[in-house]
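Asker: The lines below spell out each chain.
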Amino acid sequence: DQQVKQNSPSLSVQEGRISILNCDYTNSMFDYFLWYKKYPAEGPTFLISISSIKDKNEDGRFTVFLNKSAKHLSLHIVPSQPGDSAVYFCAAKETSGSRLTFGEGTQLTVNP
Amino acid sequence: DSGVTQTPKHLITATGQRVTLRCSPRSGDLSVYWYQQSLDQGLQFLIQYYNGEERAKGNILERFSAQQFPDLHSELNLSSLELGDSALYFCASSETLTSHEQFFGPGTRLTVL
Chain A
508 DQQVKQNSPS
518 LSVQEGRISI
528 LNCDYTNSMF
538 DYFLWYKKYP
548 AEGPTFLISI
558 SSIKDKNEDG
568 RFTVFLNKSA
578 KHLSLHIVPS
588 QPGDSAVYFC
598 AAKETSGSRL
608 TFGEGTQLTV
618 NP
Chain B
125 DSGVTQTPKH
135 LITATGQRVT
145 LRCSPRSGDL
155 SVYWYQQSLD
165 QGLQFLIQYY
175 NGEERAKGNI
185 LERFSAQQFP
195 DLHSELNLSS
205 LELGDSALYF
215 CASSETLTSH
225 EQFFGPGTRL
235 TVL
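Here the protein sequences line up with chains A and B, keeping their order. Counting in the working numbering, the first sequence runs from 508 upward without gaps. Counting in the working numbering, the second sequence runs from 125 upward without gaps.
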């Protein structure tokens with residue numbers, strides 16, 4: 508039972524344009540969401556997070572949007588840079604819990 | 125560099141064997157998590173230790189076990205290895221029992237032949 512889904516295995520965008528990565532979840536007990544970035548041969552690196560009491564969180568070029576009614580979140584990267592090319596994982600957790608539930612990941616490629 | 129270290133980086137072994145993966149958390153972090161990433165899959169939570177005690181369990185096989193030592197480093201023991209156990213094994217750490225952000229190590233790539 509895949510509780511966190513990233514339906515796009517890959518995304519390709521031009522440098523300077525916006526990248527939008529999407530994530531859906533089914534478990535209504537999830538109330539904290541995170542995005543991780545992963546380069547080959549490295550571990551996932553925390554990028555940005557959002558609590559369910561918010562609908563938007565911004566950190567520099569990265570913005571995460573949360574639509575609780577649709578159980579959907581998205582990560583916007585503006586402007587996209589070639590160094591952003593990596594696999595992006597969406598993760599969710601319950602506030603009272605500890606484990607992260609991850610999506611399958613989306614490979615983002617930013618072309619110069 | 126997240127501050128979480130894992131050894132070894134790569135491990136190649138045969139079916140039926142037993143291996144131990146090691147993790148040192150970030151300085152000050154009391155919680156250690158183990159995740160498995162198989163081919164083309166997301167990370168699957170295996171187990172969590174907090175200050176030496178097991179606190180949460182995911183879909184961890186009975187052939188797998190873990191522990192956290194007084195110095196807070198953790199070991200994941202995999203026994204009676206099967207081909208399907210080939211995967212990346214990540215360790216993560218966080219400051220408290222329910223901290224939101226977890227910081228991941230570089231992983232151990234296990235190949236079972």
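Bear in mind the hints are in silico, worked out from the structure with no lab data behind them. The C-beta atom is built at its ideal place from N, Cα and C for all residues, glycine as well. One or more hints might be untrue.
What the hints assert, rightly or not - Simulated restraints on C-beta separations:
#1 195/B with 533/A: 20 to 28 Å
#2 589/A with 176/B: 41 to 49 Å
#3 581/A with 186/B: 33 to 41 Å
#4 586/A with 137/B: 25 to 33 Å
Asker: Confirm or reject each hint.
Answerer: Results for each hint:
1. In this structure, residue 195/B and residue 533/A break the distance hint of 20 to 28 Å, their C-beta atoms being roughly 39 Å apart.
2. Checked against the hint of 41 to 49 Å, the C-beta distance between residue 589/A and residue 176/B comes to roughly 44 Å, which is consistent with it.
3. Distance hint check: the CB atoms of residue 581/A and residue 186/B are about 39 Å apart, consistent with the given range 33 to 41 Å.
4. Checked against the given bound of 25 to 33 Å, the beta carbons of residue 586/A and residue 137/B, roughly 45 Å apart, lie outside it.
Checked against the numbered hints given earlier, the structure breaks hints 1 and 4 and satisfies all the rest.
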